[in-house]
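Protein sequences, first through last, are from chains A and B.
Just so you know, the numbering used here puts 390 at position 390 of the first sequence, and the rest follows in order with no gaps.
In short: position in the second sequence from 1, add 1000, done, that's the numbering used here.
Partial selection, computed: residues in chain A whose CB lies under 10 Å from chain B:
| id | residue |
| --- | --- |
| 1 | Glu78 |
| 2 | Asn90 |
| 3 | Asn117 |
| 4 | Pro119 |
| 5 | Lys122 |
| 6 | Val144 |
| 7 | Ala169 |
| 8 | Gly172 |
| 9 | Met173 |
| 10 | Asp220 |
| 11 | Ile225 |
No farther apart than 27 Å at their CA atoms in a straight line, the calculated lysine-lysine pairs in the DSS-like style are these:
| id | chain 1 | residue 1 | chain 2 | residue 2 |
| --- | --- | --- | --- | --- |
| 12 | A | Lys37 | A | Lys71 |
| 13 | A | Lys223 | B | Lys1150 |
| 14 | B | Lys1072 | B | Lys1237 |
| 15 | B | Lys1072 | B | Lys1113 |
| 16 | A | Lys155 | A | Lys37 |
| 17 | A | Lys79 | A | Lys116 |
| 18 | A | Lys308 | A | Lys339 |
| 19 | B | Lys1163 | A | Lys116 |
| 20 | A | Lys116 | B | Lys1239 |
| 21 | B | Lys1222 | A | Lys223 |
| 22 | A | Lys79 | B | Lys1237 |
| 23 | A | Lys226 | B | Lys1222 |
| 24 | B | Lys1150 | A | Lys226 |
| 25 | A | Lys79 | B | Lys1163 |
| 26 | A | Lys69 | A | Lys43 |
| 27 | B | Lys1150 | A | Lys79 |
| 28 | B | Lys1237 | A | Lys116 |
| 29 | A | Lys483 | A | Lys388 |
| 30 | A | Lys79 | B | Lys1222 |
Honestly, the hints are just simulated from the structure, not real lab data.
Here the structure is a predicted model, which is why all the values come from computation and not from measurement.
Glycine included, each C-beta is placed from N, C-alpha and C at the ideal position.
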Amino acid sequence: MNKKNNKNRRWYAAVFLMTVMGMGLFTSCDKAVAEKKDPETIKVYGETIAELTAPPMVPRPVGDRAATKLKIEMEVIEKEMEMADGVTYNYWTFDGSVPGSFIRARVGDEIEFTLKNHPDSKLPHNIDLHAVNGPGGGAEATFVAPGQQRTFTFKTLNPGLYVYHCATAPVGMHIANGMYGLILVEPEGGLPPVDREYYVMQGDFYTEGEYGERGFQAFDMNKAIKEQADYVVFNGKVGGITGENELYAEVGETVRIFMGNGGPNLVSSFHIIGEIFDTVRLEGGDLVNHNVQTTLIPAGGAATVEFKVDVPGELVLVDHSIFRAFNKGALGILNVHGKENTKVFDDNFEAEPYNPEPILGSAPIEDGEPEEKAVEVLSLADKMERGKTVYNQTCMACHQTTGQGIAGVFPPLAESDYLNADVTRAIKSVKHGLSGEIEVNGNIYNSVMPPQALSDEDVANVLTYVYKNWGNNGTEVTTEMVKAVN
Amino acid sequence: MKTIFRLAVAIAVMIQSQTFGQSESMVKIEGGSYLPLYGTEQEVVVGDFLMDVTPVTNQDFLEFLQENPQWKKSQVRPLFADSNYLATWPSDDSYGANLPSAPVTMISWYAAKNYCEWLEMRLPTIDEWEYVAMASATRPDGRQEAGFQKTILGLYEAPNTYKNEVGTTFRNYWGVEDLHGLVWEWTMDFNSIMIGGESRKDSAGGGNLFCAGAAVGASDVKDYAAFMRYTFRGSVKAKYAVKNLGFRCVKDLPADQNKN
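The shape of chain A in the complex, shown without the other chains:
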């Protein structure tokens, strides 16, 4: 073992020396540097068991290692997992996660790929790796019944970031149930080093119940065919990269995200709120773009995005087809810790009143006594009706249709201990807004809710509606109670 390591080390040193010498020799001759050897002729050295990682982590970079015979074993597992708070789904997975394990290879590697199908699987499966040059990308070669395994080999000829997925009929259903992942083929010498690397994949899901409907949700074939997704998520579920799953970086670090899109149907307009991609390797290939706000990621495609994080705070990953982010779950957090840098970003300013001059020619302000608006006394039923309307117009975008919120981002109003504990606090939050850290049902939220421009009546209506729904304590909030809170 030691001997082998030594040998490897010596070998690496030799390669390194040669590379340095080579660079020295060719600096004056760009053409020679650009000229690459035919990847098919790249020699492989030794055998290596591939390191595989579940998202959002990625294996170690290949660095300057030589091409090798890389052995990969993956297992198909069908299992029930959480799609959102209180919602479960029967996922079909590569290695038990959605997306499946991240594979990291270099150009010239000879990959020996074994696909195992767990004996408890109900169905046969296979894998089509877009990094393969050959029929079906390995689909036929790996078509495997439950309780069987099959192997095939391929040589990585093209560097890039590639999607893999199951291609068994009905193929859309296998992908819709979570059978996809990424394989990275690094160029010789590896990608330029960065401080942090992450693995994120978007996917759309089609469930019998609407978004957020609790309990087990079965796959809905008709919605899938119509391409009407209930969920559009990162890393397989709502909250896949928020809360305890959020990504992390420190100010000044460079971050690289290997971003894929499993589909099956939707194209992603990938964007990070509050960040600009310094570099995008478009579609996972050689074409590099700089200073990009939003990059398109096709279904069954990928892109590598790189950026330096300059200031602390929460960066929000979204599909900028923005209803997907707000209402279907396509939301993630990259939490950046570190020192403020006011040169780059400064928000330490107090809000000031803003009174535009009355516009000339506009209707004159009426003189006389302001009309005392008759306060209508609504019946409870009317109040609930009105409250529902206010909720749907004002609150639903964040707190969601049934008050379930979005894990780690928007706290739930359903069965909410925070809400039920203190009605005065609730009124105050709606009237004057709420910011800073709060704990709701055991989860910490640290965000900002702006004051809501609602009449006192409507605050009473909407709060009554919320308190009388979704397992809350049924408090009826009156206009007087709202008036009394300052």
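With the hints as your guide, set chain B onto chain A.
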């Protein structure tokens, strides 16, 4: 001479009644024609036959093994069963913790075929099996019924159903049970329609790696449940033993009863 004739009639009647005794666990399927998902562009004709109401159980199979020891797991020839054969049975003569009336699984096609032949029956053909399986509770062809396919897809997705007892799913128009929702089932000619696993190509009807003629386009690209059955069949070989793959037998009707 007359006596001998009478005796022969009496014996024939006895045999007849025995046959009927045996077929209480079977029901008659009236043949017809229909368009299956794969394998043909024209309707196929299925004749009348008898079919087991439920899949063969562990207890049934144990009895088969007592009389046919060459199919016990320690004695079966590797050519006829892979190493998963009866893997959940602790020994040759016990199905262990498996329920006696749960469907027997982890049996090869050869074993299933021999079991049926032992009872003077046979495995159903794909066309026969699919013909019976398209029946809903109320109609011989329920494929266009609202919710029928959704129900079946739901049954297919439920995990570990092979552990359940037979007769626990639904009884269809013919009186046959558990065609969907317990286990996949071997058919006589399971490998006659080659699905290569490259499903996109298969469904497009392009040249198939294994057998170009077999992979014609599917007749109904929305019949996901049928796709799942056909791909399953395409993924197995006759010696495979799979945890959620069992079987049932069918029997041709005596010639004088097959008048339809």
